[in-house]
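Colleague: So the sequences go chain by chain: A and B.
Residues in the first sequence are numbered from 1018 upward in steps of one, following this note's numbering.
Residues in the second sequence are numbered from 81 upward in steps of one, following this note's numbering.
Watch out, some of these pointers could steer you wrong.
Part of the chain A face toward chain B, derived, beta carbon under 8 Å [unchecked claim]:
#1 Arg1058
#2 Phe1163
#3 Tyr1254
#4 Arg1297
#5 Asn1313
#6 Gly1338
#7 Tyr1421
Footprint (simulated), chain B over chain A, 3 or more residues, beta carbon under 8 Å [claimed, not checked]:
#8 1184-1191
#9 1207-1220
Far from chain A, some chain B residues (derived; all Cβ distances over 12 Å) [unchecked claim]:
#10 Val127
#11 Ile147
#12 Ala244
#13 Arg256
#14 Arg268
#15 Glu313
#16 Thr345
#17 Glu360
#18 Gly361
Calculated directly from the structure, the hints in this document are not laboratory data.
For each residue, glycine too, the CB sits at the ideal point set by N, CA and C.
The primary structure of each chain is shown beneath.
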Amino acid sequence: MHTFKRAALGAAAMIVVTPAAATDVEQDELAAVRAEIRAMRQAYEARIAELEGKLERLETRSEQPPAAVAEPAAAAGAPAAQRRRVYGNEFNPSIGVILNGRFSAFSESDSEIAGFGTGEEGERGREGLAVDESELNVAASVDDKFYGSMTAAIVREEGEDKVELEAAYFQTLGGAGLPTGLSLKAGRAFWTLGYLNEHHSHADDFADRPLPNRVFLDNTYNDDGVEFSYVLPTALYSEIGGGLFRGDDLPFGETGGSGPEAWSLFGRLGGDIGFNQSWRIGAYVLSGEAAGRVTNEGDVSFSGDTDLYVADLRYTWAPTGNARNQELTLQGEFFRRDEDGSYDVGAGPVRFDDAVNGGYVQAVYKFRPQWRVGARYSRLQAPEVPAGLVGSALDGGGHDPEAYALMLDWTHSEFSRVRLQYNREELSDGLQDDQFILQYIMSLGAHGAHKY
Amino acid sequence: MRYVFTVAAVLLLMSGMARAADPVQVFACEPEWAALAEEIGGEAVTVFAATHARQDPHYIRARPSLIAALRRADLLVCSGGGLETGWLPVLLQKAGNRAISPGTDGYLLAASVIELRDVPERVDRSQGDVHPEGNPHLHLDPHNIDQVAGELAARLQAVDSTRAGLYQDRLEDFRRRWQVAVADWETRGARLQGLPVIVHHQAWHYLIGWLGLREVAALEPRPGIPPTGAHLEGLLQTVRSQPVAVILRTPYAPPDAADWLAERTGLPVRVLPYTVGGAEGVDDLFTLFEHTLQQLESVRVTETITN
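Bound-form chain B, shown alone (with noise of 0.2 Å):
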């Protein structure tokens, strides 16, 4: 017995030791925002993506290995508004990491730097799994990316104060090259004003708003509700009453509504990448808003050419 109670002892004081100079564990929920601390933190952190891009972050199992990762967290980077409410606290519970417990310097939710659209004048279920917050999928609109890129580096420099001018660098970097970027997405985004979408999930309203689409339905009746067959037979009589471009899903959406759709209807199927890892050759936040660009701008070239 004493051994263990000595084991426990030498254990409980290595986890409280200062590791200045050891890279700062960054746990992000999603692959963006791990991408994000990437661009801001460099060599200095470590980076701990807690789902992948085939992954519906609204359904992540609390499994061991996060509880592992962010027992050892530094600061911990997510979306917020309600799209980890079904694993992150209990995660965090069970943790019991007081260095990213909500409230404090290491816990950055990015809803909570950015306005979120679409909140719900009233919650009830019966309108579908709505997040009383608003739309999380925040990420899909480039001003938000350089908003939270801010209060991401502040958040490093005050979890890691020795390193805060490498923070502010990297951050100033990071942003004269996404503004540069994000002209040049926007100039190309011109053309794509008022392109007729149907998409499958509310995934793609900060994008949609970004570039001026404009969303015709979902495949899905509700949000978070599979499509059923009787509403897609609907959407098959909006399609025939008014123009549609193209059909949008996530990699982590399951295809056969969209592919129903599209064989019902000519219509073409987008796939974007939602999110870093979600296509090949989509490795960090750059390529990831390159990749949707080319995508629908491919949308547009085709369109013209059959009508």
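Next up, chain A with everything else stripped away, as it sits in the complex (with noise of 0.2 Å):
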């Protein structure tokens, strides 16, 4: 170090001495700095000399097996500001694929849900071997405020492989500088509605959705728009929201205004019970109004208001404290659809002001950490036949649809699941329809974690 200094001095004094070398007054001043200099240099080298000499020395050495270990507590040494890089994914953005088949058989070719408009996903899956939606995901953070996420989603539909856009929204993070507890999100997204609806389908616990979520909803609300949550700063978790979207998703449909069509508003309680259970409740109203909502294949077209209420509960426990490898799951669904306007079967608008009742119950439970089974039971409550209905697809004949399921399922590792499902759908009146379905699903890369 003494000597690393003393030759930056003297780097400095040549520095400063080398314009004045012109003038003959200082030679000999400068005749002493240059002998001061070869002097350094000589000491310099005699200085690398040892250290090369000392360095071939620890290589030799090296080489033969260590005498002594350093102690583990050297480690602990180390500075408390040596950060380390802590990756929030591997990529960036993270990619995520899930792929999604099944064999399916059917013991009736007919599976109209008798007094409902079904949509195109709605209804029943494709009978035989068939690969389901194929999803691909993208999603990071955008930078500290925001976070972006798009979904597509490659399907069949009328004989043909489609592209659907499930999801393609922004939502801000913590560090946006909203209030604490607020955040927004924009775009296409699963909205908030109910359990069931804010979730991808292949997280679900079933092969297919319930039957309220089947027809009132399409299987999923994913229409357009914007929705802001606030969580309130209490010791129970209590979250507020709502949004404005376009309406053009099911239960609504062709827009034909220039304004959002379509509002919601939500509210949810949850918490714990003791260390191993806990719960969430909510409330959900979606309103809006449909211009043209087209169902069973473009054959039912209604419009008008349509205003959809929804409740749900969810309930889980830990046996044994541990929901790895054993836990149960309660979940249940009530929906209510009051509709204002005039269905047309083909025959001219039929007014059309009634209000229908839906819901389903399961449980699953999961008796070893791969292995779980599930019920469950989803049930439709028939509306009542106006008069030019009578006859026509919408005309249940006072038959309320139910349907049950019963599966069990095997998940490896978290990336990979197979099911096997049977379920019993009585649809219409004298139809029971039995179903096998083997299913898999398997999540490649990146896959983010799940909400409760």
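Dock the two chains into a complex; use the hints.
Modeller: Here is the structure:
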């Protein structure tokens, strides 16, 4: 260290001295400095030679087995300031693919849900071997304020593979500067409306959605819009929120106007009971106007106001304290749809003003870390049929559609799951459809956390 | 509608109010960090532990109560290193709390202070649920606890500068007591050097490294994949061909695989507490290591008797 200082001084002296060398007066002094630098260089060379020698000796020694390994305590001496990289995701953005396929066998060829208009996705799946929705998800934090995500699903509809934009949204992060607890989401997303609607179908506990979700939401409500949510500063989890939507997706359809045609409001409460049980309840309203909601492959159309009221409940219990090993999940949703408008089944509009109820309850039990069993019951209430619709697809003949499902699934790792499901569906009077579904769900790459 | 807006406005104002005299709300992902926060913060902090010792910290449901706790937290302390990727990000997003968003003083991951072991050269899920960042079970080396304690005190001081002196004093006091305890454990641990063990999951690598134990095999064929019959049969051969002293598992790991192997080999099984609350009487970091040492020492004794 000392020699370094001297060398630096010498170098500095040279810089200062060189222009002065032109004058004769300071020749003597210059000679003195030169002599000093020469001496320094010699001292340096000697020191370097010494160091080289040392290095050589060290190198030969390290080829032999080390005599003593450093104490573990030495590692603790490392300064805490040494920051290690901590990855949020290995790639930016993170990319995930869901592979999803099934084999289905049905006892009945017909599967109309009598009395209700059903959209494309709410219908029964294809029989035989089939690839289901394959999802591609790309997501990342945009910056410190925003998070963005896009999910495209490749689906087979009407004999063609189509790309559907399931979700494409941005969402504010904690660092966005909004008041604590407030967040905003905009774009196309699985909006907050009951339990299942917020979740991607690959995370479902059953191979298909229950009847009310199929009929009232065409599986999911993922309209274009904005939604805010505010988590209240209470010890109990409580959240309120709402949104404005384009009104293009079922239960609405074909917006004519320029403004948002639909809005929503919701509130949720949740908490723990002891260490191993938790619960959440919620209430939701979705209201809007449809200019032309087309269902039943174009046979039925509705225009008018639709209000959808949803209530949900979810309860989880880990009997041993560790949800990884054993867990019981109970879940239920109740729907009420109030419509005021007119239905057209091809013979001119027929006035319709009525409300129908629907719902499901399910229980899933994980009895071993990789195995789960589940049962589900779902039901729809048949609507009153106006005179003009008697005999049409909307005439259920007073039969309440209902469906039972039993499932067993095996989850090898977090990323792969194989499921066997049996359904018994009684969707129209006198019709009893027994269905067997064998399904696989594989998840590649980044796989984000799931909500409660 | 106006009423709703008024209520919302009042709530927003309330949530933003400074709470200088209130205790600092600490959200700890795992019990070990909750215990450490209590050591450093004392009365000045209120600690919420998101998980308990019987839960596997890899698999935690993003349950509503955690959102509520994160929403109100001033400081978050977690292991990091990918341990919580399955649940923490979604909670943080929902809570919308700027004070604990990544990159702020209120967001402390222990893995950001410690050099992690087992950083894989290749990340491929056919190798199991490997953490690309390295092994996140870092708290089982007491020197790491010491390092994280220093950073935690610094973060508490940053978040709550009015009580900076208190945190400094408590840190120094903790470190004094900790160093004495660690010296004792290391003296006793010297006898455990080279103890051949079978582990359930790679949750023990830091403990093994610290005490110089020797990991012979793991019950999980790949990290995060539950033990299979074929893999256990293979282990049976391993145990017959080379000395193994004990099978170690966490309180949250299912007992069947360890018991199966123990039954066929006569090997003792030790359920080490793994974290605070993992055994009777393990209610802080000191008793955690003390209990762990005692469990391992008990193995050594029986082994010498049987030989």
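Colleague: Each hint needs a verdict: does it hold in this structure or not?
Modeller: Comparing the hints with the structure gives:
no.	hint	result
1	Arg1058	violated, 41 Å
2	Phe1163	violated, 11 Å
3	Tyr1254	holds, 4 Å
4	Arg1297	holds, 5 Å
5	Asn1313	violated, 37 Å
6	Gly1338	holds, 3 Å
7	Tyr1421	violated, 27 Å
8	1184-1191	holds (count 4)
9	1207-1220	violated (count 0)
10	Val127	holds, 14 Å
11	Ile147	violated, 5 Å
12	Ala244	holds, 17 Å
13	Arg256	holds, 15 Å
14	Arg268	holds, 14 Å
15	Glu313	holds, 19 Å
16	Thr345	holds, 23 Å
17	Glu360	holds, 15 Å
18	Gly361	holds, 18 Å
The structure fails to meet hints 1, 2, 5, 7, 9 and 11 from the earlier list, while all remaining hints are met.
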